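Peer 1: Below, each chain spelled out in residue letters.
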Amino acid sequence: MAIAVNPFDPRTVLLAKHAQHVVLVHFPIALLITAVGFDIAGEWWKKPQLSTVARYNLAVAALATIPVVATGLLAWQWQLAGHKLKGVLLQHLVMGVVSSLLIWLVWWMHVRTKDRTVRLPIELLAALAVAVTAHLGGFLSGVNAPG
Amino acid sequence: MNRNVFIGAVVLALALQVAGQDAKGTTVEVKIDNFSFSPATITIPAGTTVRWTNRDDIPHTVVSDKEIFKSKPLDTDDQFSYTFTKPGTYDYFCSIHPKMTGKVVVQ
Chain A
1 MAIAVNPFDP RTVLLAKHAQ HVVLVHFPIA LLITAVGFDI AGEWWKKPQL STVARYNLAV
61 AALATIPVVA TGLLAWQWQL AGHKLKGVLL QHLVMGVVSS LLIWLVWWMH VRTKDRTVRL
121 PIELLAALAV AVTAHLGGFL SGVNAPG
Chain B
1 MNRNVFIGAV VLALALQVAG QDAKGTTVEV KIDNFSFSPA TITIPAGTTV RWTNRDDIPH
61 TVVSDKEIFK SKPLDTDDQF SYTFTKPGTY DYFCSIHPKM TGKVVVQ
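Line by line, the protein sequences give chains A and B. Here my numbering is used: the first residue of the first sequence is 1, the next is one more, and so on. Here my numbering is used: the first residue of the second sequence is 1, the next is one more, and so on.
Wrong hints could be hidden among the right ones.
Here are the simulated DSS-like cross-link-like pairs (lysine-lysine), alpha carbons at most 25 Å apart as the crow flies [said to hold, decoys possible]:
#1 A:K86 / B:K99
#2 B:K31 / B:K66
#3 B:K72 / A:K84
#4 A:K86 / B:K70
#5 B:K103 / B:K70
#6 A:K86 / B:K86
#7 A:K114 / B:K70
#8 B:K72 / A:K86
#9 B:K70 / A:K84
#10 A:K84 / B:K86
#11 B:K99 / A:K84
Okay, the calculated bits of chain B under chain A, using three or more residues with CB under 8 Å as the criterion [claimed, not checked]:
#12 42-53
#13 64-75
Selected chain A positions facing chain B (Cβ under 10 Å, derived; list incomplete) [claimed, not checked]:
#14 I33
#15 L80
#16 K84
Just so you know, the hints here were simulated from the structure itself, not pulled from any lab data. Computed from a predicted structure; not experimentally measured. Even for Gly, the Cβ is constructed at its ideal location relative to N, Cα and C.
Here chain A stands alone, though its shape is the one from the complex (with noise of 0.2 Å):
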């Protein structure tokens, strides 16, 4: 039997089944990795322009981070009632606001200094927080799942 469903309930858009986050979440990675790109090309082939690309990309990477922090949240307090977090879950939590705050950090210092010698290494940092991020919410995903 089909059981009726409100598509503009927030639950129904956030909870199981219809979760957000994993979908939300691919917007800021994706982007913070194109202007880590971008700006290592403006160093290497000294180009400024590319640079100022790499900034635009940080400040809506940096935008998108708070729906998906907002909806991992939600999806915490809601699909799994609040419960104390331990393990991975935990893990990907803590994880998770590390790389918001790191991607932050790096769009800020864009704005602030056109220094490098400090800016790239935090943005790789920034970089790895998310790749570790990332892995730990595949892995709490189910892409290991059969089938």
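Guided by the hints, dock chain B onto chain A, whose structure is given.
Peer 2: This is chain B only, laid out in the frame that chain A set:
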């Protein structure tokens, strides 16, 4: 004489044990492994307790479709139990992996 007393004591002990089990009700095990509930469907009499044990390396939950029961996230080897007192069909799923579904039929 002593032999009769011994046999009587054994019979009494067994009877008490059976009575104790009836009072507590039985427990049926459901294993969570390889992203599935096993067995996926169970049929039990009312008053039976179902105990789910997560054997996966990944956390799972056990949530009734109608939210009659809802476990916390179960890490590896964590367990969740629920006693079914009313007859009916109880569909459930893992809220982290909604494709994982199971059913408890209570007679």
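Peer 1: Which numbered hints are broken by the structure, listed smallest first?
Peer 2: Of the numbered hints given earlier, those the structure breaks are 6, 7, 10, 12 and 14, listed in rising order.
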